[in-house]
Each structure stands twice: as structure tokens, then as C-alpha cells.
Amino acid sequence: MSLELLLALGVGLLVGCGVWLILQPRSFPLILGLAFLSYAVNLLIFLGGRIDRLTPPLTLPGFARLADPLPQALVLTAIVIGFGMTAYLVALGLRAAAAGDDDRVDPPPGDDAP
Amino acid sequence: MPPSLLVVLPFAAIGVLALLQGRRTAVAAAAGGAMLLGLGLVLISAKAVLAGQVWVQSLPWLSDWGLDLAFRLDGLGFLFALLIYGIGALIVLYAYYYMPPEDGLFRFLATMLAFAGGMLGVVLAENLILLVLFWEVTSLASFLLIAYKSQYHDSRIAARMALAVTGAGGLALLAGVLLLGRMAGSFDLSVVLDRGDLIRAHPLYRPALVLVLLGAFTKSAQFPFHFWLPNAMAAPTPVSAYLHSATMVKAGVFLLARLYPALSGTETWFVLVTSIGMTTLLLGAYLSLLKHDFKGLLAYSTISHLGLITTLFGLDTSMSAVAGVFHIINHAVFKGSLFMVAGVIDRQCGTRDMRRINGLAKYMPDTAALGITAALSMAGAPFLNGFLSKEMFFQETVSHPGFAGVGDFLLPAVALVAGIFSVAYSLRFIHDVFFNGEPVDLPRTPGPPPRFMRLPMEVLVALVVAVGVAPQVVVGDLLRAAAAATLDGPPPPFKLAVWHGFNLPLVMSIVALGGGAFWYARRERLYELHERLPFAFSSPVVFERGYDAAAEGARRVMAVLDRRVLRRDLGLFLGLSLALGAWAWATGGAQPAAVPGPLPPTPADPLSAFAFLVLALGVVGATWRHRHRLEAIILTSSVGLVVSLVFVRFAAPDLALTQLSVELATILLLLLALRFLPPSGPPELARTPRWRVGLLATGAGVAAAILTYALLTRPFRTISGFHIAQAKPGGGGTNVVNVILVDFRGFDTLGEVAVLAMAGLGVRALLQGLRPRAYAGRADRVADRYPLMLRMLMQPLLPLALAVAVYIFLRGHNLPGGGFIAGLLVAIALVLQYMAGGYDFAAQRLRLDFVRLMGAGLALSLITGAVPWAFGQPFLKSAFVYLDPPLLETFELASAAVFDLGILLVVVGTVLVVLTELGRLPERADPETRPHAVSALPEAVPS
Numbered sequence: 061m062s063l064e065l066l067l068a069l070g071v072g073l074l075v076g077c078g079v080w081l082i083l084q085p086r087s088f089p090l091i092l093g094l095a096f097l098s099y100a101v102n103l104l105i106f107l108g109g110r111i112d113r114l115t116p117p118l119t120l121p122g123f124a125r126l127a128d129p130l131p132q133a134l135v136l137t138a139i140v141i142g143f144g145m146t147a148y149l150v151a152l153g154l155r156a157a158a159a160g161d162d163d164r165v166d167p168p169p170g171d172d173a174p
Numbered sequence: 023m024p025p026s027l028l029v030v031l032p033f034a035a036i037g038v039l040a041l042l043q044g045r046r047t048a049v050a051a052a053a054g055g056a057m058l059l060g061l062g063l064v065l066i067s068a069k070a071v072l073a074g075q076v077w078v079q080s081l082p083w084l085s086d087w088g089l090d091l092a093f094r095l096d097g098l099g100f101l102f103a104l105l106i107y108g109i110g111a112l113i114v115l116y117a118y119y120y121m122p123p124e125d126g127l128f129r130f131l132a133t134m135l136a137f138a139g140g141m142l143g144v145v146l147a148e149n150l151i152l153l154v155l156f157w158e159v160t161s162l163a164s165f166l167l168i169a170y171k172s173q174y175h176d177s178r179i180a181a182r183m184a185l186a187v188t189g190a191g192g193l194a195l196l197a198g199v200l201l202l203g204r205m206a207g208s209f210d211l212s213v214v215l216d217r218g219d220l221i222r223a224h225p226l227y228r229p230a231l232v233l234v235l236l237g238a239f240t241k242s243a244q245f246p247f248h249f250w251l252p253n254a255m256a257a258p259t260p261v262s263a264y265l266h267s268a269t270m271v272k273a274g275v276f277l278l279a280r281l282y283p284a285l286s287g288t289e290t291w292f293v294l295v296t297s298i299g300m301t302t303l304l305l306g307a308y309l310s311l312l313k314h315d316f317k318g319l320l321a322y323s324t325i326s327h328l329g330l331i332t333t334l335f336g337l338d339t340s341m342s343a344v345a346g347v348f349h350i351i352n353h354a355v356f357k358g359s360l361f362m363v364a365g366v367i368d369r370q371c372g373t374r375d376m377r378r379i380n381g382l383a384k385y386m387p388d389t390a391a392l393g394i395t396a397a398l399s400m401a402g403a404p405f406l407n408g409f410l411s412k413e414m415f416f417q418e419t420v421s422h423p424g425f426a427g428v429g430d431f432l433l434p435a436v437a438l439v440a441g442i443f444s445v446a447y448s449l450r451f452i453h454d455v456f457f458n459g460e461p462v463d464l465p466r467t468p469g470p471p472p473r474f475m476r477l478p479m480e481v482l483v484a485l486v487v488a489v490g491v492a493p494q495v496v497v498g499d500l501l502r503a504a505a506a507a508t509l510d511g512p513p514p515p516f517k518l519a520v521w522h523g524f525n526l527p528l529v530m531s532i533v534a535l536g537g538g539a540f541w542y543a544r545r546e547r548l549y550e551l552h553e554r555l556p557f558a559f560s561s562p563v564v565f566e567r568g569y570d571a572a573a574e575g576a577r578r579v580m581a582v583l584d585r586r587v588l589r590r591d592l593g594l595f596l597g598l599s600l601a602l603g604a605w606a607w608a609t610g611g612a613q614p615a616a617v618p619g620p621l622p623p624t625p626a627d628p629l630s631a632f633a634f635l636v637l638a639l640g641v642v643g644a645t646w647r648h649r650h651r652l653e654a655i656i657l658t659s660s661v662g663l664v665v666s667l668v669f670v671r672f673a674a675p676d677l678a679l680t681q682l683s684v685e686l687a688t689i690l691l692l693l694l695a696l697r698f699l700p701p702s703g704p705p706e707l708a709r710t711p712r713w714r715v716g717l718l719a720t721g722a723g724v725a726a727a728i729l730t731y732a733l734l735t736r737p738f739r740t741i742s743g744f745h746i747a748q749a750k751p752g753g754g755g756t757n758v759v760n761v762i763l764v765d766f767r768g769f770d771t772l773g774e775v776a777v778l779a780m781a782g783l784g785v786r787a788l789l790q791g792l793r794p795r796a797y798a799g800r801a802d803r804v805a806d807r808y809p810l811m812l813r814m815l816m817q818p819l820l821p822l823a824l825a826v827a828v829y830i831f832l833r834g835h836n837l838p839g840g841g842f843i844a845g846l847l848v849a850i851a852l853v854l855q856y857m858a859g860g861y862d863f864a865a866q867r868l869r870l871d872f873v874r875l876m877g878a879g880l881a882l883s884l885i886t887g888a889v890p891w892a893f894g895q896p897f898l899k900s901a902f903v904y905l906d907p908p909l910l911e912t913f914e915l916a917s918a919a920v921f922d923l924g925i926l927l928v929v930v931g932t933v934l935v936v937l938t939e940l941g942r943l944p945e946r947a948d949p950e951t952r953p954h955a956v957s958a959l960p961e962a963v964p965s
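Going line by line, the protein sequences match chains A and B.
Numbered by this note's numbering, the letters in the first sequence go through residues 61 to 174 in order.
Numbered by this note's numbering, the letters in the second sequence go through residues 23 to 965 in order.
Honestly, the hints are just simulated from the structure, not real lab data.
Misleading hints may appear alongside valid ones.
As the list claims (entries may be wrong) - So the derived label-pair ranges between C-beta atoms look like this:
#	chain 1	residue 1	chain 2	residue 2	range
1	B	Gly603	A	Gly160	50 to 60 Å
2	A	Gly160	B	Arg739	50 to 60 Å
3	B	Ala747	A	Gly160	50 to 60 Å
4	A	Thr115	B	Ala606	31 to 41 Å
5	B	Gly207	A	Arg125	49 to 59 Å
6	A	Thr115	B	Asp591	43 to 53 Å
7	A	Arg125	B	Asp862	51 to 61 Å
Beta carbons: idealized from backbone N, C-alpha and C, even for Gly.
Using the sequences plus the hints, can you model the full thing?
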């Protein structure tokens, strides 16, 4: 087992389970699934900086072979925005649940109101 | 005055109005004051402009695209700015009395100011693309104004129609302007106007001309686009008086005047503009007489007069252009006052039907005198301003050679007939409204309007008379300057005078007056004839049908594309992406399609393997048991923990800290929401075609794993060298990630925190007033909801946690930390207070409005970004100094830290808005509908 393989499997598991969950008909698994997918995407972007340089990107004396700071900066805001998105989805789910007494994601069949 | 200031002023005034919201008189005074201030600023530059100076001012904006914030103040712009501010000030005073007292006027006057600002942008723009931008501002603002009484269906339809017509014209204008800029090699008006010959000789001249004319004609309600204007009368009368006299519809003819040197002077221009103008002139005048609603009469008369102005520009002699500009002034003045009179009558009588309104001269003699004078000017009676430009118009039609091969009598003949019609409808307005017996069955007994409501009309009618009697003294210089700007050269010598001797135009005027009187006397016969016409002018109906057909078509397309089933769409999207990815992988060019790349694998250590196992268990477990929500949440949190460990392991301390704190906030969020999500759904939801979902999920997972593995085993060249090298010397910090966030890519970060704030506001909006059902867990069954121990522990912890946050924030520029992480820490520390003591307990002690906090944070970040502008530096350029205070370490004070503080505030605000809104749900939960819960914890959910 190499580290690369473990990481790849981890991302793959997160994506696979995330997709399974967002394709469920109810809002709670949808929220979980999207959380998994954001973990996966954040990891993938982060790993775009590769894993061979293991010094935190601080330009301090004695620090060499710094990890790539750019993917880190990208992912940092993505993590925080992920919280905003989860919160918004939860609020949407609550609103829909209060309106229909169930947490289905799609309208019932035959309901064509826009 | 710098022209840009004149454009910014109305928009800035909206801010002042917002502060005064709720105080009707103050709002009106502020709006009127802004208009008067603008008028004063315009007048200050009068001397220079009338002497022929042109003030061009340019601030670079998107210079690469040819778009700069460039403004110009010349004679033509000056004339329009004068009309916009001058009539605008009168309109504000008028609206103060016209609008019902319960209307706070804020929305009305703010939209009005935005509209005025858009108009000023159009007339003062030096850059053509900028002109189009402001053109769109006027379209949008007029949409809002016409739809002001949005509770009425008619208003909404009328506003939609006006927006569709003028908006489509705006698009055509944009295309035309882009072509013009291409032909001239610049979007600067000065250059474009100078290169008229180049443009006229260019093969793209005709398409560009047609596109620009489409813009002008839709805005100025020229045939066949005239139909939106009468419908726009659904707007409150002050709006009509402003939009349809001095501003909105004048933007079209303004454009003709503005681009006159660049586009006119060809046969195509003459034929297109003259024939459209003539048709509109005649049609508008004819239809005007048939209207029983006097606002409708005025609307069609406006169309007719705009046709007259268009015709004058189409005739394409320098003198006709002068006459065109002159009629722009005259029409604005008399039509503005006529609309105001109409509004007074409407307000005092409660109807606009001229068959019922009669003999008002008795009830409101002063208003009647004003209305009659203005209407006589509209008819072209001598000693009033309308007479002068109409005479000039007649003169131009007589002296023009006319259309080739049609005979030179056509132009004067059309002019004369239109003149007769306009006398007839003006007489109808005068006779039907103010005389003609007694009013019939009015909803209200008419009386004179308030004293100061009459003032705006008096000012305008005074101008009507002053210009009519002593034209050269009153407007001579103004007209000369405006005409010089229109022609982009010296205007022909002209002298405005009432008496030009007994000549053909005077004969035409006399015939028009006599013919009009006769025509009006025989109007019953005309109505009969009109009834028997074999065709009807009903462009609105055609438009509405077209609109409905387009909407229906769009709906059908959407019905095919989107069945409104999220799962189906997501499935399709995922399947398609997978197929495309597989195809690209299989056929992708030079690289071999093998998954492992050239980099040697790194052997895994036992700890990493263990972490992977935890992750796998968490992911699979949460997916497997997602119906058992509490378990699923706990398992998910373990996944988040492993992800943050991954960040630690691979040298990303900032990410690890962020992920950890976000994880905490997310778990809190999910726990709070859990009780209000229904535990079971309708049975048909259980019947999911599982194999398809399974196939997609497996495919996506395998693909992601392959992609990740391939990525990790291939070398790459980083593009971060610059950021690392410049972090310290350029950004003043050693934490490269933080420097990127607050400095190199600060603008991105600003956008991202704005998104975060929006999400917070969205959550608040969604949850506000929501009375959810609590499905599981009852507060009253929990013995100790806010345990004493927790409370005792949390209170002393707060200052400690805050101190940690401050430390993390301050060191963020150099060591892991910064605004995002510190913000999350502060938020969590505060949320813990809520959890320990309940909402009321904490709210009493905190007294913070978190939405304001978000706003303050955003404002702080924006202001920090904008400050460098004042020093001629780009947006968000950071500056820093090193401080060496006694007793403390040397630390650096960077403007980026202030920006970071803004981020911190937004993050704190958002997280707290979200969590406290959710935390308050139990108080509002509907006790009646609370289903029988059995446990204090969320229950396992049957599928």
C-alpha cells in the first residue's frame, strides 16, 4: 500500500458514497452527500499540490521545499463556503419540511405547479 | 463642474434618502435639494459651455475593452443636463403633492433619482459603451417607475412592455455601438464624431446605422415601436411628466443628435429617419384626437412630436438639426407642464375621461389658464414657444428637395396635415376639459389644487411664454451651443424671432390653425369614419401575443429539458460527465492511458493506514446508516476529523485549523436542525431503482479514485513560485497562504466572504417566521436543558477562547491562523454560550445584531480595498509598517490585517446568524402539531 493509493481510495470512497447519498430522495442524505462531495473535492484540489514537499508554506528561515500554497488558499475559502452551503441547504430542507410535512427533495409525481 | 460629478450626484442622493426613510417631507426635500444642487452645478459651468468649451474627463476602467469612465460636457449634454435637473426638481415638488400622503415617497423618489442619474449618464457619456450602460439604467429605472403601482395588472403589463421594447432596442444599440467603435477605431465620442467620413464609407455603415436607429426609435417610441408609450401612462403622473417630456423618450432623439456628425449625411439616413419620423408624426397626431382619456391624448401627441423631431434630424440640413434641438427644448417644457395639469385634473376629479370632465375653467381657473397656454403652445399658436419650432419645421419641409422622384410637395403636405391634427387635438384638450358645459358624473367635486402644486406648472408655462415672446434673449445662446455640439462644428447663422415676415410657413401655420379648428368641430364625423376603418392599429395586441407565444415556447422547452426531478437531472448529469471523462481518457492524445504515473509511490506508514480505515468506516457507515441520523452525523464528524488530519499530515496547518472549526460548526448546525426534519417520507419514496444509483455511485467513486491516483503520481510544475518569493517582500507576511488570501488574491476572497454573507442572509430569510414541527425529542422531557455545570464552565471559558482567537488572528499573517480561522473560533466560543444558557440568556448578554456584524465586516473589507484608490493605487493594494512597541514583540501592521478583520467579522456574523436562527426554532415550534415523540434524542427513521 502506498500513500498515494490510500488517498486515492479515500477520495474515491467519499465521491462514491456522496453520489449515492445525493441520489436519495430525501433532504437529509442529500445534505450528508454534499458534505462528502465537498470533502472529496477539497482533498482533490489540495492534493493537486502533490504530497512530496512536507514543509508548511511559511517563508521562515530554515524552511525549504515548501508545500504548494496556492491549492491551500483555494481550499481554505472553499471549506468555509462549504459551511455556508450546508447551512443554506439545511434551511431549505427545513422550509420544505414545514410546508409539506415530509422532507422529499422532488415534488410528488403529477404535481406540475411551477 | 466635472461632468462625472453631475452623473454621480443623483445616485449619491439615494443614499441620503435611505437615511431619511420614513419621513416623507424630509425625503422629498432631500430629493428636491439634490436636483436643485445638480441644477446649480450645471449652471456654474454655463459660461464656459456657452462659449463653446467641451469638458472631457476620463478615468480608466476597462481600457483594454475600450470601456473607460469617460464623460463629456458640451452644449448638447449641458442642455439635457439642464432639462433633467431643472424639470426633475419641479417634478419632485409636484410629486410631493400628487402622490397620496400615505406613500412615504422613498421608493418613488429613489427610483426617480436613479432614473435621472441614468439619463445624465447617457447625455454626459464620452465613451459610447458607457452610454449604452447608462441607457440600460434608464430602461430598468423606467420599468420600475412605470410599474410603481405594482398591485395593478395594467401597470405590470405596461412596464413589461416598455422594458421589452426599450431593452431590445438597447441590445440593438449595443451591437450598433460596437460596430461603430470598430469602424472608428475607438469608442470615444470625440474620435467617433471626427471620423464620420470613415464610418460612412465603411461597408458596415448600413448595419451599424440600422442597429443604432433601432435603439433610438424604440426609446423615442417611433413607429412601429410607438405602442409602449401610451401604455406607460399607467405610471403615476409625475413619472409621465418626467419620462415623456424631458427624459426617457428624449434619449432616443438625443442619440440621433449625439451621433449626427458620425452617421448623417447619406441617402440611407435621410430615407430611413425621415420616413419613420413622418409616419410617426402623422400617426401619433391622428390617433391623439381619437383618445377620450386625456393622458392618452397627451401620450399620442408626445409620439407625434417625437416624430417631428426625428423628421427634423432626418432632413439632414444643418438648419433642420438646429430646429430639432430647439423643438426638443420646447416640447420638454410645454409637454411637462401639460402632463402636470393632467395630473392635477386627474387628482381633483378622479377620472381622466374627457367625456365626463367638462367646464373645469370654472372650478380651477388658475390651473385652467396654465393648461390652456401650454396646450396652445402644443398647437403651435403664436407668441408661445411651440410656434417657433413648428414654423422652423414648416420652413425646413418647404425648402427641402424631398424624396427623389416623389415630388417636392410630399414633405410640406405631410407636415401641414400633421399640423392640422395637432391643432385639433390641442383644441379638444382645451375645449373638452376646460369648457364645453358642466362636468358629468364625476367621482369627486373638482377644486383648485394646493398652492405649491401649481408652482412647477407656473415655472414651465412662464418659460413657454418667455421663449415664445423673446426667443433670442431666452434661449438663443443655449440653442447655439447645443446646435454646435450636435453638428460638431459651427451652426448656421440663425436668429430666433417671432416675426419672419409673411412667408409660406406662416401661411401653413394659419391654414393649420384654421383647418384644425374645422377638423375639431367636425370630430363626430371623424370618430364615425374611424369606426369604419377596415384595419385597426393594435400593435400592443400583436406584442402581447408574441410575448405569450415566446413564454409558452420557453415553457415547452423547459418541460422537455427539466422535469423538475432533481434526482433524474443529477443522475443524467453525473452519467454524462462519467461518459465524457471515460471517452477523454480512452482517446486522450500523447499521454499513455495507464493510471500510474512516473513518480515512485510513497510507502504508507501504519498511522496513515489507520486514519484511512477510520475514514472508510465513517464514510461507509454514515452512508449505510443514513436513516439513523444521529449516528450518521457522528460518523460524518469522524470523516471531517480525518480530513483535517490529512491536511496536517501534508503540511497545511491553516487548512487543518479551518477544517476542524468548520467541522464543529457544521455538526452543531446539523444537530440543531435534526429535530425539525420529518423522520419518515411517503412510501413511494422507498421505491428507488437502486441498481442505477449504485452503478452511478460506483462509477463516480472509481473515476475519482483513478483521477486522484493519476494526479498524485504525475509530476507538475508549480505556479506558486511568485507567491512564495513575494510573500514577505511584497505582502509583508511569511504565511504564504494567508498572504495569498488577503493580498495577492484579495479580490477573490472579498467575493467569497460576500457569498458567505449571502448564504447567511439566505438562511435567515428562509427561517424567519418559520413555525416548524418538532418531530423527535421534547424539551420538556429533558430534566436539565441548560446544565449548570456547562454554564459555569462556559462563562469563564469565553474570554479565554476569545483571547486565543485574537492571538490566532494577529499571528495569521506570519504563522498559521488569520481571519477565517479566528472568525470561526470566535463564533464557536459565542455559540457555546448560547448552548449553555439558551437563546435568551446569551442574547441578553451579547446584544449583537449579527446581520449588522456581517455588513460591517463586508464594509470594512471593501473600504480597506478602496482606500488605495485615494492614493492612486489599485484596489486592495496593501501597505504595511513594522511596529516595535515596548514589552511586546515586533509586529507588523498591514492594511491587509484590516481586510482580514473584515473577513473575521463576516465569518463570525454568518456562523452566528445561522446557528442562532436554528437555535431559536424550538421556541417557535408549533406545540399543537408536535407529534408524539418518545425520546429526547432523534430517533432512528424507518425507511
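Here's how the hints hold up against the structure:
Range check, glycine 603/B to glycine 160/A: Cβ separation about 36 Å, and the 50 to 60 Å hint is violated. The beta-carbon spacing between glycine 160/A and arginine 739/B, approximately 53 Å, falls within the hinted interval of 50 to 60 Å. Checked against the hint of 50 to 60 Å, the C-beta distance between alanine 747/B and glycine 160/A comes to roughly 57 Å, which is consistent with it. Judged by the Cβ atoms, the range 31 to 41 Å given for threonine 115/A and alanine 606/B holds: they are separated by roughly 35 Å.
A hinted range of 49 to 59 Å for the beta carbons of glycine 207/B and arginine 125/A is consistent with their spacing of about 52 Å. For the hinted restraint 43 to 53 Å between threonine 115/A and aspartate 591/B, the CB-CB distance of approximately 44 Å keeps it satisfied. The hinted range of 51 to 61 Å is satisfied by arginine 125/A and aspartate 862/B, whose Cβ atoms lie roughly 54 Å apart.
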